[in-house]
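A.B. asks: Here is how the chains run, residue by residue.
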Amino acid sequence: MTIEEKQQEIIDDFAIYDDWMDKYEYIIELGKDLPLIDESKKTNDRLIEGCQSRVWVASEFNNGKMHFTADSDAIITKGIIALLIRVLDGESPENIAKTDLYFIPAIGLQEHLSPTRANGLLSMVKRLKIAALEVLK
Amino acid sequence: MTTQEKITFNVEEIRKQFPALHREVYGKPFIYFDNGATSQKPQIVIDTINRYYTSENANIHRGVHFLSQQATDAYEEARRIVQQFIHAKHEHEVIFTKGTTDGINLVATCFGELLTAGDEIMISGMEHHSNIVPWQMLCERKKLTLKVIPVLDNGELDLEAFQQLLSEKTKLVAVTHISNTLGTINPVKWMIDQAHAAGAKVLIDGAQSIQHMPINVQELDCDFYVFSSHKVFGPTGTGVLYGKEAILNAMPPYQGGGDMIEKVTFEKTTYNELPFKFEAGTPHIIGGIATGTALRYLSSLDQEAIHAHETDLLNFAQEQLLKIEGVRIIGTAREKTSVVSFVVDGIHPFDIGTLLDKQGIAVRTGHHCTQPLMDRFGIPGTVRASFAFYNTKEEVETFIQALNRSIGMLR
Ligand SMILES: Cc1ncc(COP(=O)(O)O)c(C=O)c1O
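Chains as they are written, first to last, in my numbering: chain G, 1 to 137; chain D, 1 to 411.
Rather than coming from a laboratory, the hints here were simulated on the basis of the structure.
It should be emphasised that the depicted structure is a prediction, and the values quoted were computed from it without experimental measurement.
Glycine is no exception: its CB is placed at the ideal position from the N, C-alpha and C atoms.
Any given hint could turn out to be false.
Said to hold, decoys possible - What follows is a list of derived Cβ distance ranges for each label pair:
(1) D:Ile-44 with G:Gly-108: 33 to 39 angstroms
(2) D:His-129 with G:Lys-126: 21 to 27 angstroms
(3) G:Gly-108 with D:Gln-43: 31 to 37 angstroms
Only chain D is shown next, with the shape it has when bound in the complex (with noise of 0.2 angstroms):
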């Protein structure tokens, strides 16, 4: 895979992967905004998919008879690319979760399961409800103590009041690669070497740093890193929870039932080893497979030229809605990944979220999810365009217009 020829980079090659992109709403061509909040799917995806309910499926890792073996083969495979594509040391160190969230409230379960009152957990102030809520209840189940980063004004966290609340106490630091609200790419290197110093460990929230640059565990030495596949132009309903062997040896099983056992007597039940241990029940197979497909997949293309086509659609949505009088954008950290939230003067985001809706547009608005940063900054939501490889400028040029009549019709 690795030794694979990059293909050069051509976005209207690309679109062709993409089936969804070329459809129609309300008799206008669709244009897809929201790769926030989900990835539209490489055909290569869809057909991996549809061929294993064709003619593959099977359950895993119990068969003795060929379509079993098959299939267990190709879900283990799929852990290997994703092992590979994050660079992980061990394949065992990559569970298969439901997606980030399940991956968050595994480690606040199990991980959780470690520590005692009085203990601290550290979040920011930029995170997913995902990466909150698990958080508070883990608090109030085992007396720990919830410590918040602050976001700055421009979106950036405030690293000095993060260095301040670093303490012996501090547990698990818990904070977001990148912010979906505001596209912030936080220093995750950083903070994270920081954390380690003062003895805690860190989970990094991946959900919008997986698709959109290259992931090395091992360099970043994070202890938990979570992401959804479905982000990353692989399926719902299935997500990876990458932990460092030892702390995930350490922590006990999250649930029971099969595949996570080693051995069942009514007296004593001994668990599996890594990764079943975290994996009980049928797993979504053909979610862990598509997840390894839509992965290839990415690894295929020229991760530079993506990033360079991404970094423009940004820079130039930026620009062009810094011209529209009365726009405000939610969110100018100096390192940004291609998510532009924004607001209009005396508008309110859900009227223009429809109006775009209306002329073909996909864009997400309210608090995404992020209700606390919302508060931070004062207002109900945000208008959100964020773009994958796969939009083109052309695109932004039509949302532009389209953004403009909707201002004129609600001014």
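Pulled out of the complex, with its shape left as it was, chain G reads as follows (with noise of 0.2 angstroms):
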């Protein structure tokens, strides 16, 4: 699947809920999905510090494709992290570095990702972006 299908598909499953509840319902269960980052990776540079929740990310380069890991300690961001990993693990530095991650707003987490909201979430983005940048250096 390319990343564009990645987020369509996305789209389509929240498409099914039209309460706010339930969506955020399947966002908790995607968070036990989440790959978690090993606990002996959970240093400080590894932190993204939200005013609130608290989030960890770590990243791979194999075979070209990029891997992540991850943890948060607010459920909800853990859900959100998890998709944000479905779309861009595996993806080529080039395609995450350049990616527009448009499946946020158009399944209503837009709020999440506002300079405003405090966990972490925008910093992240900005860290799996950073790695891909990194790695293409």
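Two chains, two frames, a set of hints: combine them into the complex.
C.D. replies: See the structure below:
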């Protein structure tokens, strides 16, 4: 699947929910499938400190593709990270660096990426892209 | 104003005055429990602001024309309303500021100018960052020492420690009247007396007390009292610094500019008298005027009934919360205002806040700008519900149901 197809798939998945609580129920479920970062890798340099919840991400580059693992102390944040990783994992650094994550506003989660939302997600997206750019250097 | 008949308290009638309470969010009736952050505005305040910009707008203190005079009168009338509301001795002891933060920074800068290396400033462990950082900056600038009154497990101040920390070196005690995070009402009258006996001045952060209790700065005998209009049903961008005349006169001005001067020449500028000495530049005119409107509105209500209603909401909410497994209330002081902070075992406050939001309920989650206090309790943050007199018991019931549902999803 291309990045576009993966994003479209998520948009379709969310289209069946018109109640916000159902959407969040689903996000919470997704958080349980998040490829968890190794406890030993939860170091300060992999920590993204939001004002409220904390996020750790680790990236790896193998055979031309990027792979991510992550964790957060908040479950909803975990669910949203799981979505991001579902889209970006296994992609080339070029793709990751240039991709527009339009599925987030499309499924109504843009508030979580606003700079005022204190959950570190915006910084996390930046971190994923920086990881990709560093491989490209 | 004071002789005006008090309207009997009826929460449904009061709610009609606050248009924002009648909206929906995410298709759900809106429940606003974030009053500690800011209050909603009554129609009369909204109307005052509208009318001003529609037909009364002019600059103040400088025009010869009709509207300028009218605006100046309204602004100065608002100052008198504030004076009466907080029972200041003089009108010119009321300085309009941008808010609590601005008032504290003004005092830190200008009162701070009177201090010398080795002097001590005392704050408490439950202060808002606004009442911490300006003092840290001052201490750094003037080589002063910052002392911190510890907080007890129940969220009260350790008053014995306070007494021990007081000395002839203490020049200023800056404490909050009510903790925005815990709801603790501090015994400020007693603390002010103790501080004065040691020769220290006292600043009271009234950001959370102005809307919840009668304030009499002369009875308290505080040297400074600061608050923000937006937390007391007025607009953002305006606040008040009350200071005793003698101290304000002894302090150098804050910012330079128009209004604060008496005479300007390139050789020497002389400063205007109080309160203008501390009000450089065109102020937030309608902010000041609407602050007066808000305080007048609040004064028209039956204060005792409001207090009883807010206490009922607090007690009911706390009772219901404690019935939920895993809920721990942070802040169990004997004297509390209508604020309840809590944590739920194993669940991040952010998750609860997000799910409550989706059910139409606005609470605050996080550290509430009191990070040292969160560290004191060893928690990353809390969920905080803060009630105003326009909230209802039914809203608290809905909130408890929504909280139960959220916890069910998150466990
Ligand atoms: C106790 C306390 N002090 C200071 C402030 C700062 O007020 P403002 O942001 O209006 O200046 C607040 C507001 O949250 C507060 O609750």
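A.B. asks: When you take the CB atoms of Ile-44 of chain D and Gly-108 of chain G, is the distance between them in 33 to 39 angstroms?
C.D. replies: holds, 36 angstroms
A.B. asks: Does 31 to 37 angstroms hold as the CB distance between Gly-108 of chain G and Gln-43 of chain D, or does it fail?
C.D. replies: holds, 32 angstroms
A.B. asks: Measuring from beta carbon to beta carbon, are His-129 of chain D and Lys-126 of chain G in 21 to 27 angstroms?
C.D. replies: Cβ of His-129 of chain D to Cβ of Lys-126 of chain G: about 25 angstroms, so the range 21 to 27 angstroms holds.
Consistency with the previously given hints is maintained throughout, with no hint failing.
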